[in-house]
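*Asks:* What follows is the residue order along each chain.
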Amino acid sequence: MKGLYALYSDPSEAQRAVNHLRSNGVAQRDIAIASSEPIEEFEFGQRDKATWLYYIASGGGVLGLCAGTWLALMTQTAWPLPTGGMPVVAWWPNLIIMFELTMLGGILATVFALFITARLPSRGAALYDPEVADGKILVGVKNPKGDAIPALTQALRVDVHTQVKLL
Amino acid sequence: MTAAAPRINQDLLRPLLETSWRFYALVLCLGALVAVGVGAWFYQVYYGFGVTGIRWPIYWAFYITNFVFWIGISHAGTLISAILRLVNAGWRRPVTRCAEAITVFALMIGALFPMIHLGRPWLFFWLIPYPSERQIWPNPRSPLVWDFFAIATYLTGSLLFLLLPMIPDFALVRDKTTGWRKKTYGMLALGWQGTPKQWHRLESAMQIMAIAIIPVAVSVHTIVSFDFSMAPVPGWHSTIFGPYFVAGAIFSGIAALIIAMAALRRFLHLEEYLHPVHFQNLGKLLLLMSLLWAYFVFNDRLMIWYGNEPAEMAVFWVTQRGSFAPLHWAMIVCNFVIPLLFLTHKRVRTITGCVIASVAVCIGMWLERFLIVVPALGHKYLPYSWGSYSPQPVEILVTISTVAAMILLYVLFAKFVPIISIWELKVGEQSRLPTPEAMREHPLWQANP
Amino acid sequence: MARKWGIAVDLDRCTGCGACVTACHAENNIPTVGAAEAARGRAMHWIRIERYWEGEFPDVRVKFRPVMCAHCDAAPCEPVCPTYASHHTADGLNAQVYNRCIGTRYCANACPTNVRFFNFFNPAWDKPFHLQFNPDVSVRSVGIMEKCTFCVQRIKAADSAAKADGRELKDGDVQPACAQSCPAKALVFGDLQDPESEVSRLSKSPRGRPLLDLGLLPKVTYLSRQTDV
Chain A
1323 MKGLYALYSD PSEAQRAVNH LRSNGVAQRD IAIASSEPIE EFEFGQRDKA
1373 TWLYYIASGG GVLGLCAGTW LALMTQTAWP LPTGGMPVVA WWPNLIIMFE
1423 LTMLGGILAT VFALFITARL PSRGAALYDP EVADGKILVG VKNPKGDAIP
1473 ALTQALRVDV HTQVKLL
Chain B
2 MTAAAPRINQ DLLRPLLETS WRFYALVLCL GALVAVGVGA WFYQVYYGFG
52 VTGIRWPIYW AFYITNFVFW IGISHAGTLI SAILRLVNAG WRRPVTRCAE
102 AITVFALMIG ALFPMIHLGR PWLFFWLIPY PSERQIWPNP RSPLVWDFFA
152 IATYLTGSLL FLLLPMIPDF ALVRDKTTGW RKKTYGMLAL GWQGTPKQWH
202 RLESAMQIMA IAIIPVAVSV HTIVSFDFSM APVPGWHSTI FGPYFVAGAI
252 FSGIAALIIA MAALRRFLHL EEYLHPVHFQ NLGKLLLLMS LLWAYFVFND
302 RLMIWYGNEP AEMAVFWVTQ RGSFAPLHWA MIVCNFVIPL LFLTHKRVRT
352 ITGCVIASVA VCIGMWLERF LIVVPALGHK YLPYSWGSYS PQPVEILVTI
402 STVAAMILLY VLFAKFVPII SIWELKVGEQ SRLPTPEAMR EHPLWQANP
Chain C
17 MARKWGIAVD LDRCTGCGAC VTACHAENNI PTVGAAEAAR GRAMHWIRIE
67 RYWEGEFPDV RVKFRPVMCA HCDAAPCEPV CPTYASHHTA DGLNAQVYNR
117 CIGTRYCANA CPTNVRFFNF FNPAWDKPFH LQFNPDVSVR SVGIMEKCTF
167 CVQRIKAADS AAKADGRELK DGDVQPACAQ SCPAKALVFG DLQDPESEVS
217 RLSKSPRGRP LLDLGLLPKV TYLSRQTDV
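Residue numbers (my numbering), protein chains in the order written: chain A, 1323 to 1489; chain B, 2 to 450; chain C, 17 to 245.
The following block holds chain A by itself, in its conformation from the complex (with noise of 0.2 angstroms):
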């Protein structure tokens, strides 16, 4: 048994079941909400928010600013060939291809955090409906408890035209 769920039209009901399930003493980690777009006006909503992939953006521009170095002095001094009486380690033109690392450094740093931290891609079984697709939100309970489920599906209903899945 992967879970029990059910959709809505409207966030308010959304809020309300998560509501819900919590005074039914499920565990955050276990509440599955799914939605097609950001929903940023409801508490449900504000879970997990990821101020610290700034950091993680500004490590991966370090270690750009770092392999850009590398990379500009370790080829001027592989074979140091003077070229145009400037010197064979040119720190002005260094500094272009230094940004430039530095930005991609950054910029993937960010995107591996996002595949990381958000189980991308994910193979395994997650709680979802094609519905959601149509505006539903849908909210749940991961791998709920046998003999709970009876509480958790009147804990789902809102509404009396609430439709309680099982998967």
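For the record, the hints were derived by calculation from the structure and aren't laboratory data.
Possibly wrong hints are sitting among the right ones.
Below 25 angstroms or equal to it, Euclidean Cα-Cα: the simulated PhoX-like pairs (lysine-lysine) are [to be verified]:
| # | chain 1 | residue 1 | chain 2 | residue 2 |
| --- | --- | --- | --- | --- |
| 1 | A | 1487 | B | 183 |
| 2 | B | 177 | A | 1487 |
| 3 | C | 143 | C | 172 |
| 4 | C | 201 | C | 220 |
| 5 | C | 201 | C | 186 |
| 6 | C | 172 | C | 186 |
| 7 | A | 1464 | A | 1487 |
| 8 | B | 198 | A | 1487 |
| 9 | B | 347 | B | 184 |
| 10 | A | 1371 | B | 183 |
| 11 | C | 201 | C | 20 |
| 12 | C | 220 | C | 79 |
| 13 | C | 79 | C | 201 |
| 14 | C | 179 | C | 20 |
| 15 | A | 1324 | B | 177 |
| 16 | A | 1324 | B | 183 |
| 17 | A | 1371 | A | 1464 |
| 18 | A | 1487 | A | 1467 |
| 19 | A | 1324 | B | 184 |
| 20 | B | 177 | B | 198 |
| 21 | C | 220 | C | 186 |
| 22 | B | 285 | B | 347 |
| 23 | B | 198 | A | 1464 |
| 24 | A | 1467 | A | 1324 |
| 25 | C | 186 | C | 20 |
| 26 | A | 1324 | B | 198 |
If you're wondering where the values come from, they're calculated on a predicted model, not measured in any experiment.
Position chains B and C relative to chain A; hints supplied.
*Replies:* Below, chains B and C alone, put in the same frame as chain A:
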């Protein structure tokens, strides 16, 4: 949540699901043009570079003009997606993916030209810093090597900036289709579910990338301008080339974007999503860039004329009054007069007016690149070595086929990916300010972590 | 030993005969591109005689000026080459490494005196000219830049001969093809570092000036009467 979500889904997925014979005809025509261009290039490689119009002392002409032109066009996406995202301009939402797609494809095509114009193109990989047996590397002092790093970084960044927000839309297509589409788009969606965690990660990542891609874009066209300003050629050795080229790039990028948007609106029936106000806003930006471009041109020319240095004045006069005069004044009309005529007043700044101005700007900016490259090379310091250039069929065919390649890539993109970012559009449909009770933590939040 | 090879060109002696151009073509295996290609601006004269006319008939004056690569110490063609095909050697020469050239032609654009040439086609020599190649100089193929090398093959040969004999190179031991063939002795080649050499003496002459005043530190000095500028 948007009640209109199913209708939006239907409208914006229709181009993916319904194909008419016109699409196949268009792809066939464009593909033929691209094939002709590829054939022309192979002809050039086989028979020797002399089949082009390049000659002493004009060693760069059409191919480098095209290179700078396409890299310039690629600045469309950065402006719209990144800059408008950072200043929270909501009207950007239907436009971002159109713009980013232009950026990626224009960059890919622009990056081909350094290979096309090489004398020994099979050795182009020597521009890449790889550990060779001889331990020799490319020269980091050369602006062409800076070009490699800059374009590689910008292409990677733009590609990722385009691909990341496509993931939720791929999930949407996965959910709304069956068969091979469901499987393919399912793979591309990487198992996206749309949990708040994923949304927050995605939005933070995109914010960071928007911040990062702007300095990269500025640096890319500055570095392309360094291809000229680092050489002591009269008319090239100017300190203003960096900002001048970046302004010109954004200028031509917006023009290309307006043309693309108008075409999409007409042929994919997106009248409900791309409104006249979008064109009005972009038209205003285009006008602003036209004025900015004219400002930079004035700066550059005034300095040359005032300094009266003989070598620079030779280039100046041949461009303005000599053999290049018709092209030069056509450029001024296309880049300055026509935009002023069609974009100043709201009444003429209609979609048609914006498209006319944009086509003129694209032509004018191509001419501007040409007029930077060729007159200066033809009139350097020793009059005995002056020369004139005329393009040969090979160069003209390759140029036309790259325009066809750009359109082809774009048409294919619009066929396989929703050209308007569906989830971003839905987010913009309603007010997104969090309500006070939303921000108040639920009492049981911390009790059951 | 660090040397600085240079040339002094005496414009008051040059008659514009073109022997230097011919000798250079023969010595360095430079192809003649044919009348059609030359008309299209593809001729490759590593040393060329520039001819300028002054005045109206019958008071016409003609000036000849041999122009070749000046091997500038601050050469603008060197930093712009992405593959180091154009770089500076310890002898003060601007080296052009044919094998490393991928034909971006940036160096040719950067050169203010347009002394760099591109191989637009694979060179071909009609019989019997295919027998007259100089074995000390490679034949360049399509897509490669080339220019005057100060006959580096002759410099190397003279160095080897001097070393074999156990002596130092004297002024006049090395003669590039152009200097060797000039009937008016207008071209003088030698080591600018050697204060005794004729080229050093001529370079310091009050009649001497560089071709262009751009701060490139060229090694070719042009001598002419000051009134004849």
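*Asks:* Within a Cα-Cα threshold of 25 angstroms, do residue 285 of chain B and residue 347 of chain B meet the stated pairing?
*Replies:* Holds: residue 285 of chain B and residue 347 of chain B sit about 9 angstroms apart, inside 25 angstroms.
*Asks:* If you draw a straight line from the CA of residue 186 of chain C to the CA of residue 20 of chain C, is it 25 angstroms or shorter?
*Replies:* Given pair residue 186 of chain C, residue 20 of chain C holds - Cα atoms ~14 angstroms apart, limit 25 angstroms.
*Asks:* What's the verdict on residue 1464 of chain A and residue 1487 of chain A, does the C-alpha distance respect the 25 angstroms limit or exceed it?
*Replies:* This hinted pair holds, its Cα atoms lying about 12 angstroms apart.
*Asks:* Hint check: residue 1324 of chain A vs residue 183 of chain B, CA-CA at most 25 angstroms. Holds or violated?
*Replies:* 23 angstroms, holds
*Asks:* If you draw a straight line from the CA of residue 347 of chain B to the CA of residue 184 of chain B, is it 25 angstroms or shorter?
*Replies:* 47 angstroms, violated
*Asks:* Given the hinted pair residue 1487 of chain A and residue 183 of chain B, is their Cα-Cα distance within 25 angstroms?
*Replies:* Holds - the C-alpha atoms of residue 183 of chain B and residue 1487 of chain A are around 23 angstroms apart, at most 25 angstroms.
*Asks:* Could you grab the alpha-carbon distance between residue 177 of chain B and residue 198 of chain B and see if it respects the 25 angstroms cut-off?
*Replies:* 23 angstroms, holds
*Asks:* Given the proposed pairing of residue 1487 of chain A with residue 1467 of chain A, does the C-alpha separation stay at or below 25 angstroms?
*Replies:* 15 angstroms, holds
*Asks:* Does the alpha-carbon distance linking residue 198 of chain B and residue 1487 of chain A stay inside the 25 angstroms limit?
*Replies:* 23 angstroms, holds
*Asks:* Please verify whether residue 1371 of chain A and residue 1464 of chain A have alpha carbons no more than 25 angstroms apart.
*Replies:* Distance ~21 angstroms between residue 1371 of chain A and residue 1464 of chain A Cα, so the pair holds.
*Asks:* Sort out whether residue 198 of chain B lies within 25 angstroms of residue 1324 of chain A, counting only the CA atoms.
*Replies:* Distance of about 20 angstroms is within 25 angstroms: holds.
*Asks:* Just to be careful, I want the Cα atoms of residue 201 of chain C and residue 220 of chain C compared with a cutoff of 25 angstroms; is the pair within it?
*Replies:* The hint holds at about 18 angstroms.
Checked against the numbered hints above, the structure breaks hints 3, 9 and 10 and satisfies the rest.
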